[in-house]
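Under the working numbering, the first residue of the sequence shown is numbered 1, with each subsequent residue one higher.
Hints are not guaranteed to be accurate.
[As the list claims (entries may be wrong)] Below, a list of computed lysine-lysine pairs in the BS3-like style, where the Cα atoms sit at most 25 Å apart:
1) Lys-19 with Lys-147
2) Lys-55 with Lys-94
3) Lys-36 with Lys-61
4) Lys-152 with Lys-19
5) Lys-145 with Lys-61
6) Lys-87 with Lys-55
7) Lys-62 with Lys-152
8) Lys-106 with Lys-62
9) Lys-147 with Lys-2
10) Lys-87 with Lys-62
11) Lys-2 with Lys-36
12) Lys-62 with Lys-81
13) Lys-139 with Lys-2
14) Lys-145 with Lys-28
15) Lys-36 with Lys-106
16) Lys-81 with Lys-2
17) Lys-139 with Lys-61
18) Lys-19 with Lys-62
19) Lys-94 with Lys-62
20) Lys-61 with Lys-81
21) Lys-28 with Lys-152
22) Lys-2 with Lys-152
23) Lys-55 with Lys-19
24) Lys-87 with Lys-106
25) Lys-36 with Lys-145
26) Lys-36 with Lys-55
27) Lys-61 with Lys-19
28) Lys-2 with Lys-19
29) Lys-62 with Lys-2
30) Lys-19 with Lys-94
31) Lys-145 with Lys-2
32) Lys-28 with Lys-55
33) Lys-87 with Lys-2
34) Lys-19 with Lys-87
35) Lys-81 with Lys-139
36) Lys-81 with Lys-28
37) Lys-139 with Lys-106
38) Lys-139 with Lys-152
39) Lys-94 with Lys-81
Hints in this document: simulated from the structure, not taken from any laboratory. Since we're looking at a predicted model, the values are computed, not measured.
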Amino acid sequence: MKENTCCFTGHRVIRSEDKEELQTNLCKVVADLIDKGVTDFVCGGALGFDTLAAKSVLMYKKYNSGVRLILALPCPEQPEKWSNSDKRTYEDIKAASDEVFIVSPKYTSECMMQRNRFMVDMSFYCVAYFRNIGGGTLKTIQYAKEKELTIKYL
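Based on the sequences and whatever the hints tell you, model everything.
Here is the structure:
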C-alpha cells in the first residue's frame with residue numbers, strides 16, 4: 001500500500017484570506033499525486049486543513065473510481081465539542097470514506113499523535129500545510145522526515 005499512499009497534515013486554523021488559494025493548490029497537488037499513481041489518501045478527520053484535504057480527495061473520487069479516502073481518527077470523541085455544522089461535515093466525509101480507522105477507543109493525551117504517526121506509517125507521501133507554528137503539524141512533519149516520506153509543502 002505504501003507507494004500509492006499519501007497522508008495529510010496541517011493546521012486546524014486557516015486564515016480566511018488563505019483558504020481559497022490553499023484549496024486551489026491542494027487540488028493541484030492531489031491531481032499531481034494521482035497522476036503519479038497515488039490511489040489512497042489518508043486524512044485525520046480534524047477541522048481546518050484535514051477537512052479541506054478530504055473534500056479535495058472526494059472531488060477527485062467522483063471522477064476516478066481508483067481513488068480512495070481513508071480516515072484515520074484519533075478517537076470516537078473527536079468531533080464532540082464541534083459546532084453542529086462542523087459535525088455534519090465530519091459525518092458526511094466519514095460516510096463517503098472508503099475506510100475508517102479509529103486509533104484509540106477513547107480520548108487520551110497521546111491519541112492525536114498516535115493518529116498522526118499511524119498515517120505517516122501508512123504513507124509514501126505527505127502533503128503538509130505548515131505556517132511555522134509548533135504543535136502536532138510540526139511533530140508530524142518531523143516524524144515524516146524521520147520515515148523518509150516525500151513531503152509536499154503548501
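query = Has the given pair, Lys-61 with Lys-81, been kept, meaning a C-alpha gap of at most 25 Å?
reply = violated, 29 Å
ask   = Given the hinted pair Lys-19 and Lys-94, is their alpha-carbon gap at most 25 Å?
value = holds, 22 Å
query = When you check the alpha-carbon spacing of Lys-28 and Lys-55, does it fall within 25 Å?
reply = holds, 13 Å
request  = Quickly compare the C-alpha distance for Lys-152 and Lys-19 to 25 Å and report which way the hint goes.
outcome  = holds, 18 Å
query = Is Lys-145 within 25 Å of Lys-28, Cα to Cα?
reply = holds, 23 Å
message = Holds or violated: Lys-55 and Lys-94, Cα atoms, limit 25 Å.
response = holds, 11 Å
key: Straight-line alpha-carbon gap Lys-19 to Lys-62, limit 25 Å   = holds, 22 Å
task = Mind checking the alpha carbons of Lys-139 and Lys-61 for me, to see if they're no more than 25 Å apart?
result = violated, 29 Å
ask   = Within a Cα-Cα threshold of 25 Å, do Lys-94 and Lys-81 meet the stated pairing?
value = Satisfied, since the Cα-Cα distance of roughly 17 Å is no more than 25 Å.
inquiry  = Check whether the Cα positions of Lys-81 and Lys-2 lie no farther apart than 25 Å.
reply    = This hinted pair is violated, its Cα atoms lying about 33 Å apart.
key: Hinted pair Lys-19 and Lys-147, Cα distance within 25 Å   = Roughly 29 Å separates the two Cα atoms, so the pair is violated.
query = Is Lys-28 close enough to Lys-152, meaning Cα to Cα at most 25 Å?
reply = Holds - the C-alpha atoms of Lys-152 and Lys-28 are around 11 Å apart, at most 25 Å.
Checked against the numbered hints listed earlier, the structure breaks hints 1, 5, 8, 12, 15, 16, 17, 20, 28, 33, 36; every other hint is satisfied.
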